[in-house]
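Chain residues, written in single-letter form:
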Amino acid sequence: QQQVKQSPQSLIVQKGGISIINCAYENTAFDYFPWYQQFPGKGPALLIAIRPDVSEKKEGRFTISFNKSAKQFSLHIMDSQPGDSATYFCAASYSGAGSYQLTFGKGTKLSVIP
Amino acid sequence: DTAVSQTPKYLVTQMGNDKSIKCEQNLGHDTMYWYKQDSKKFLKIMFSYNNKELIINETVPNRFSPKSPDKAHLNLHINSLELGDSAVYFCASSQGAISYGYTFGSGTRLTVV
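These protein sequences, in sequence, are chains R and P.
The first sequence runs contiguously to residue 114 in my numbering.
The second sequence runs contiguously to residue 113 in my numbering.
Don't read these hints as lab results, they were simulated from the structure.
Here the structure is a predicted model, which is why all the values come from computation and not from measurement.
Don't be surprised by glycine CBs; every beta carbon is placed ideally from N, CA and C.
Mixed in with the good hints, there may be bad ones.
What the hints assert, rightly or not - Examples of chain R residues lying across from chain P (beta carbon under 10 Å, computed):
| id | residue |
| --- | --- |
| 1 | Pro34 |
| 2 | Tyr36 |
| 3 | Gln38 |
| 4 | Lys42 |
| 5 | Phe89 |
| 6 | Ala91 |
| 7 | Thr103 |
| 8 | Gly107 |
As the list claims (entries may be wrong) - From the structure, some residues in chain P lie toward chain R, with a derived Cβ separation under 7 Å:
| id | residue |
| --- | --- |
| 9 | Lys52 |
| 10 | Leu54 |
| 11 | Phe104 |
| 12 | Ser106 |
To be verified - Now the in silico label distances, taken between C-beta atoms and shown as ranges:
| id | chain 1 | residue 1 | chain 2 | residue 2 | range |
| --- | --- | --- | --- | --- | --- |
| 13 | R | Thr28 | P | Gln14 | 45 to 51 Å |
| 14 | R | Pro8 | P | Asn17 | 35 to 41 Å |
| 15 | P | Ser20 | R | Gln14 | 43 to 49 Å |
| 16 | P | Ala3 | R | Gln101 | 16 to 22 Å |
| 17 | P | Leu83 | R | Gln101 | 23 to 29 Å |
| 18 | R | Gln101 | P | Gln14 | 48 to 54 Å |
| 19 | P | Asn79 | R | Gly60 | 30 to 36 Å |
Model the full assembly from the supplied sequences, consistent with the hints where possible.
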């Protein structure tokens with residue numbers, strides 16, 4: 001199973017600041033890169049996803065930046081709010097027919113302080 | 001109306017016991033999964049079923065046995081529970097290839113004492 005390396009392990013950001021979480025992958029066949037958000041006591045929920053044919057995808061305050069040559073992608077949370085405090089997971093997979101497995105990073109615990 | 005529901009939410013049991021966790025999805029998805037989340041929050045896939053057929057079976061002790069009676073259900077039975085089995089177990093589902101994302105259940109926290 002190919003690894004997806006995620007950093008930092010934990011992150012503290014002041015309200016209104018920018019939160020940045022980074023991931024790197026090894027398998028060049030990966031072509032689907034989602035981010036999941038998990039609140040305590042809940043299951044992970046799909047937040048935003050990107051494919052390598054674009055370098056950036058934005059949804060509201062959440063942006064994925066993708067660097068195919070470096071095999072890296074990152075999540076930016078603009079104007080971070082206390083309600084964004086959660087654990088964030090990056091993941092990667094090959095999205096072709098017969099592909100069913102997401103490989104997750106180890107997660108980043110984000111705390112947004114007022 | 002919960003999309004992926006797991007029961008029970010909490011399970012405390014003694015070493016050596018046998019227990020089951022049930023999962024049901026009402027999304028019409030054809031693929032279901034079991035993931036284990038350890039104390040460090042790491043998510044690791046255990047099993048995946050597509051149209052009731054086992055397609056992923058990671059290195060998991062034989063004490064763990066999944067069963068899919070139909071496309072909407074995937075249950076996990078664990079025999080001879082050990083302390084190291086303590087974790088949160090998540091069921092998830094997707095439609096076809098995973099490019100449309102997983103939908104996770106809210107998890108079952110298993111504590112073996």
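Hints versus structure:
no.: 1; hint: Pro34; result: holds, 6 Å
no.: 2; hint: Tyr36; result: holds, 8 Å
no.: 3; hint: Gln38; result: holds, 8 Å
no.: 4; hint: Lys42; result: holds, 6 Å
no.: 5; hint: Phe89; result: holds, 7 Å
no.: 6; hint: Ala91; result: holds, 8 Å
no.: 7; hint: Thr103; result: holds, 8 Å
no.: 8; hint: Gly107; result: holds, 4 Å
no.: 9; hint: Lys52; result: violated, 14 Å
no.: 10; hint: Leu54; result: violated, 11 Å
no.: 11; hint: Phe104; result: holds, 3 Å
no.: 12; hint: Ser106; result: holds, 5 Å
no.: 13; hint: R:Thr28 - P:Gln14: 45 to 51 Å; result: holds, 47 Å
no.: 14; hint: R:Pro8 - P:Asn17: 35 to 41 Å; result: holds, 39 Å
no.: 15; hint: P:Ser20 - R:Gln14: 43 to 49 Å; result: holds, 45 Å
no.: 16; hint: P:Ala3 - R:Gln101: 16 to 22 Å; result: holds, 20 Å
no.: 17; hint: P:Leu83 - R:Gln101: 23 to 29 Å; result: holds, 28 Å
no.: 18; hint: R:Gln101 - P:Gln14: 48 to 54 Å; result: violated, 33 Å
no.: 19; hint: P:Asn79 - R:Gly60: 30 to 36 Å; result: violated, 46 Å
The earlier numbered hints that this structure contradicts are 9, 10, 18 and 19.
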